[in-house]
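Asker: What follows is each chain in one-letter form.
There are 2 protein chains.
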Amino acid sequence: MAESVSGRELRSTVREDGTLTLSLARVTLDPPGPGEVIVAVEAAPINPSDLGLLVGPADPGSAVPGGSADAPTLTLTIPPDRRGAVAARLGQSLPVGNEGAGTVIAAGPDVEDLVGKTVGMIGGAMFADHRKLRASDCIVLKDGQTAADGAAMFVNPLTALGFVETMRAEGHRALVNTAAASILGQQLNRICLADGIPLVNVVRSPEQAQLLRDAGATHVVDTSADNFREALKAAVAESGATIAFDAIGGGTLGGQILAAMEAAASKDAAYSRYGSDMFKQLYIYGMLDPGPTIINRSFGFAWSVGGWLLFPFLQKAGAEVAGRLRARVRDELTTTFATRYSRTIGLAEALQPEVFAAYERKATGEKFLIDPRR
Amino acid sequence: MAESVSGRELRSTVREDGTLTLSLARVTLDPPGPGEVIVAVEAAPINPSDLGLLVGPADPGSAVPGGSADAPTLTLTIPPDRRGAVAARLGQSLPVGNEGAGTVIAAGPDVEDLVGKTVGMIGGAMFADHRKLRASDCIVLKDGQTAADGAAMFVNPLTALGFVETMRAEGHRALVNTAAASILGQQLNRICLADGIPLVNVVRSPEQAQLLRDAGATHVVDTSADNFREALKAAVAESGATIAFDAIGGGTLGGQILAAMEAAASKDAAYSRYGSDMFKQLYIYGMLDPGPTIINRSFGFAWSVGGWLLFPFLQKAGAEVAGRLRARVRDELTTTFATRYSRTIGLAEALQPEVFAAYERKATGEKFLIDPRR
Chain A
1 MAESVSGREL
11 RSTVREDGTL
21 TLSLARVTLD
31 PPGPGEVIVA
41 VEAAPINPSD
51 LGLLVGPADP
61 GSAVPGGSAD
71 APTLTLTIPP
81 DRRGAVAARL
91 GQSLPVGNEG
101 AGTVIAAGPD
111 VEDLVGKTVG
121 MIGGAMFADH
131 RKLRASDCIV
141 LKDGQTAADG
151 AAMFVNPLTA
161 LGFVETMRAE
171 GHRALVNTAA
181 ASILGQQLNR
191 ICLADGIPLV
201 NVVRSPEQAQ
211 LLRDAGATHV
221 VDTSADNFRE
231 ALKAAVAESG
241 ATIAFDAIGG
251 GTLGGQILAA
261 MEAAASKDAA
271 YSRYGSDMFK
281 QLYIYGMLDP
291 GPTIINRSFG
301 FAWSVGGWLL
311 FPFLQKAGAE
321 VAGRLRARVR
331 DELTTTFATR
341 YSRTIGLAEA
351 LQPEVFAAYE
361 RKATGEKFLI
371 DPRR
Chain B
1 MAESVSGREL
11 RSTVREDGTL
21 TLSLARVTLD
31 PPGPGEVIVA
41 VEAAPINPSD
51 LGLLVGPADP
61 GSAVPGGSAD
71 APTLTLTIPP
81 DRRGAVAARL
91 GQSLPVGNEG
101 AGTVIAAGPD
111 VEDLVGKTVG
121 MIGGAMFADH
131 RKLRASDCIV
141 LKDGQTAADG
151 AAMFVNPLTA
161 LGFVETMRAE
171 GHRALVNTAA
181 ASILGQQLNR
191 ICLADGIPLV
201 NVVRSPEQAQ
211 LLRDAGATHV
221 VDTSADNFRE
231 ALKAAVAESG
241 ATIAFDAIGG
251 GTLGGQILAA
261 MEAAASKDAA
271 YSRYGSDMFK
281 QLYIYGMLDP
291 GPTIINRSFG
301 FAWSVGGWLL
311 FPFLQKAGAE
321 VAGRLRARVR
331 DELTTTFATR
341 YSRTIGLAEA
351 LQPEVFAAYE
361 RKATGEKFLI
371 DPRR
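Just so you know, the sequences run in chain order A and B. For the first sequence, UniProt numbering assigns the number 1 to the initial residue and increments by one for each residue that follows. For the second sequence, UniProt numbering assigns the number 1 to the initial residue and increments by one for each residue that follows.
Careful: at least some of the hints might be erroneous.
Distance condition first, Cα-Cα at most 30 Å in a straight line; then the derived DSS-like pairs of lysine-lysine [claimed, not checked]: (1) B:367 x B:117; (2) A:316 x B:316; (3) B:142 x B:117; (4) B:132 x B:117; (5) A:267 x B:316; (6) A:316 x B:142; (7) A:142 x A:117; (8) A:132 x A:367; (9) A:132 x A:142.
Among the chain B residues that face chain A by a calculated CB cut under 10 Å, a handful are [as the list claims (entries may be wrong)]: (10) 84; (11) 89; (12) 271; (13) 284; (14) 312.
Hint data in this document are derived by calculation from the structure and do not stem from the laboratory. C-beta atoms are modelled at their ideal positions from N, C-alpha and C, and glycine is treated no differently.
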């Protein structure tokens, strides 16, 4: 009989005194049941979406190390005016890590053929030595593909493909993406180039613009450029984009994109004080700027701004679409969806103040991978 | 044979020098063709939606009378920073007035039975002595109903009914309305009471709250009250509202309503940093505050904010729904959809500075009717 497996699991806990503490809990996993596997985690990326749970609204600059060498902790302070946002998680020791990859070390009787296989995984609690999960939440990698290759095969690839699916399902033919030099943005650019879909890439610096142009991007606009508004209008008009995906959330950029779409739509139309009847959609999928979304409604009434999340999208799209997207990710894992990591760290290292400061910055081009074996 | 008809038509014109001028143009209408009628206008309400075209972004305090007794004008200045919003209507002499009522004085050969009938009308250019339009854009009033009774039988009644239709079509069971003491809001309150639909009425003063309570409203919250946030949360939770219609547009109120919905949805749910999966909808249908919409995204990702307009709604809903709604308005014209006017003015009076200042204020309880015969 299979034995239970014991190991560490990274946790984030908010307490009533306004602190947030990262720690390594010791957890024991019972043997896998039918349809279940236990995976020895070998690679798990630190995604922006993980930082939301890991750090939440705490002040990153306030990090103070504690605990012991065996059981280190890192404690941060949450500014008083932001504590309301985490009231619902008070006292809960929450595991972190949306996705990862590793080797199957135990499996239920009906999925025993998976033992020894390298798999990519989705489902949370991946910043851990071991993860027990349903075999259906794993994808077996091809021969020669490493755990690092498969560590990030869910969140970014399925999100990028999800944008294109959403665009088509809602009747649009071209799209805008912001923070477009991100790994997600680069993958989206490769998808759109391969599929012949016009994409407007909005970036925040000349270096990011160059990165995308070097990758063959057709439309790149830089918010730091003097002529940003005009360049955005021109690119939106040329591409025909009427849907946008925004990773930033706060500020006026989303509304400016809608205004650019409206300018293109009403160019040769008769005046209507209600604006054009061309429907314009903005989806917010990230919160690089957690401040308020400021919408200057200068684009009539045919518009919508809403939230976009991967899991509700997949649920709504159904099993057939999800299966098709997963198959494409597996086929193009080391090309379209290749992810390069700037640094690999261990579980305990993630709690060291200077390492924490480095991955918390979310700098473009920097991407951290956790390998619990280190 | 029918002869052509000549009369006055109120016009609004923006010029390149940044002025907006109201004037009375002399127009001649050719005899009606098949399916057409000419109506002598006897009553046309000044709706907030008319003021958007009539006054636009001009400074109301800048009004200067001009012209002659026969052909008066009223000229206003548009502040430089708002001129971009009207660039598309430069130099166009635009007729005004969404709806009205009057007596049919001429008709095409196939609709001759309408001559002499009192009808309500929709279609613009109603601030005029005469209006030629399709008979299908008219509703014949019942015996005993006056032109004043039927002057406002389209915009407010169909909008209020449209909110309820939209709520049901999108799977919601209760709704929120802002500026709820407006004529539209009062009509919506009567519809919801009659149909057993929970409605949260958001108003801006104790007097408005009393007005709605006197009309039997169940949930009334006052933004000027100290406990507004708590009262809003309680009313939204009690009603179960997950869709809101907002006449104000600018500021933070819309986002506060979404946050109240989220608080109700996540009350007994496990913590998720992505928020609840209860979908929350906010529709902006007016712009009492033309400033930016400020959305503090404290309510996860399952939300949407968009524009709502009557005509696109009717078009999408289809002829059957539109016919059903029109029939209800006609049946309940002097009860559910009764509109009381505080003052009746003539066409030329609308161009007098002190009269203009009075109807431009959009004060609750004040409602102006134009009767071109005066």
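Asker: Could you run down the list of hints and mark each one as holding or not?
Answerer: So, going through the hints one by one against the coordinates:
Taking the CA atoms of residue 367 of chain B and residue 117 of chain B, the gap is near 26 Å; set against the 30 Å cutoff, the hint holds. In summary, the hint linking residue 316 of chain A to residue 316 of chain B is supported, as the alpha carbons are separated by about 23 Å, within the 30 Å threshold. Simply put, residue 142 of chain B and residue 117 of chain B have alpha-carbon atoms about 9 Å apart, close enough for the 30 Å limit, and the pair holds. At most 30 Å may separate the alpha-carbon atoms for a hinted pair to count; residue 132 of chain B and residue 117 of chain B meet this at roughly 15 Å.
Between the alpha carbons of residue 267 of chain A and residue 316 of chain B the distance comes to roughly 24 Å, so the proposed pair stays at or under 30 Å and holds. Note on residue 316 of chain A and residue 142 of chain B: the hinted pairing is violated, with a Cα-Cα distance of about 49 Å set against a maximum of 30 Å. Distance check on the hinted pair: residue 142 of chain A and residue 117 of chain A sit about 9 Å apart at the alpha-carbon level, within 30 Å; holds. About 25 Å separates the Cα atoms of residue 132 of chain A and residue 367 of chain A, which keeps this hinted pair within 30 Å; it holds.
Straight-line distance between C-alpha atoms of residue 132 of chain A and residue 142 of chain A comes to about 21 Å, which keeps the hinted pair within the 30 Å bound. The beta carbon of residue 84 of chain B comes within 8 Å of a beta carbon in chain A, closer than 10 Å, and the hint placing it at the interface holds. For residue 89 of chain B, the shortest C-beta to C-beta distance to chain A is roughly 4 Å, which falls under 10 Å, so the interface hint holds. Interface restraint check for residue 271 of chain B: the shortest CB-CB distance to chain A comes to about 4 Å, inside 10 Å, so the restraint holds.
At about 7 Å, the closest approach between the beta carbon of residue 284 of chain B and any beta carbon in chain A falls short of 10 Å, and the interface hint on this residue holds. Checking residue 312 of chain B against chain A: minimum C-beta separation of about 7 Å stays under 10 Å; hint holds.
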